[in-house]
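Fit chain B to the known structure of chain A by using the hints.
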Amino acid sequence: EAQVTQNPRYLITVTGKKLTVTCSQNMNHEYMSWYRQDPGLGLRQIYYSMNVEVTDKGDVPEGYKVSRKEKRNFPLILESPSPNQTSLYFCASRDGQGNSPLHFGNGTRLTVT
Amino acid sequence: AQSVTQLGSHVSVSEGALVLLRCNYSSSVPPYLFWYVQYPNQGLQLLLKYTTGATLVKGINGFEAEFKKSETSFHLTKPSAHMSDAAEYFCAVSDRVAGGGNKLTFGTGTQLKVEL
Chain A
48 EAQVTQNPRY
58 LITVTGKKLT
68 VTCSQNMNHE
78 YMSWYRQDPG
88 LGLRQIYYSM
98 NVEVTDKGDV
108 PEGYKVSRKE
118 KRNFPLILES
128 PSPNQTSLYF
138 CASRDGQGNS
148 PLHFGNGTRL
158 TVT
Chain B
8 AQSVTQLGSH
18 VSVSEGALVL
28 LRCNYSSSVP
38 PYLFWYVQYP
48 NQGLQLLLKY
58 TTGATLVKGI
68 NGFEAEFKKS
78 ETSFHLTKPS
88 AHMSDAAEYF
98 CAVSDRVAGG
108 GNKLTFGTGT
118 QLKVEL
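Chains as they are written, first to last, in my numbering: chain A, 48 to 160; chain B, 8 to 123.
I should point out that these hints are in silico values taken from the structure, not numbers from a laboratory. Everything hinted at is true.
Each pair of labels, with its calculated beta carbon distance range:
1) S114/A x Q49/B: 21 to 31 Å
2) R56/A x L27/B: 26 to 36 Å
3) M74/A x R103/B: 15 to 25 Å
4) S19/B x T52/A: 29 to 39 Å
5) T59/B x S129/A: 35 to 45 Å
6) L63/B x G63/A: 48 to 58 Å
7) Q50/A x S10/B: 24 to 34 Å
8) P130/A x T59/B: 38 to 48 Å
9) H17/B x T62/A: 27 to 37 Å
10) I67/B x T62/A: 39 to 49 Å
11) K64/A x K75/B: 48 to 58 Å
12) T60/A x S35/B: 39 to 49 Å
We put the CB at the ideal spot given by N, CA and C, even for glycine.
Extracted from the complex, chain A is given alone in its bound form:
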């Protein structure tokens, strides 16, 4: 089954403790992206990747890192999480065509205390 898999689904952590949210897709998609969803703000792009070893900032990249060492994986790293990063995070992927739809994972709900 074609899917985008994120782990974990729920994560509670404390300020400053480094964490990684994993994302993997099995559709051989070139493009992958991370979004955060906050009430009243919709989805905002954090980082995206056009292909292996090619990443770029989205609208809200501060406090986040990503890497794309393999085509299927695109982990999101929070080196020193802060409470304002409490949010619902989504990973998404699509093929290289700009008019192709994004396929989304089921989300990771992160709480930073």
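Quick look at chain B alone, frame taken from chain A:
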């Protein structure tokens, strides 16, 4: 930069009534347009998209949307609401950039409630 406006963060309809969710975009060039639906505790799923050609686009679950260039709108409709349509709906736009690096910009979402 692209922007998307969804009028009404909450819409409530009766079962069997018309569903109309509004979306307006700002762009000097017609973008690619999408509607996504998000059910509780799930990721977003594509409902329909407009890229080129016929301006009335049909999607899944009986939804359709019409691209109106003169009004810069892409409103989502369904003739008869069903309880299972209760969800959050997002309009999104993507500029037409060569090379596939198109950025998808989302609206703030409309929560649809369907009442008996």
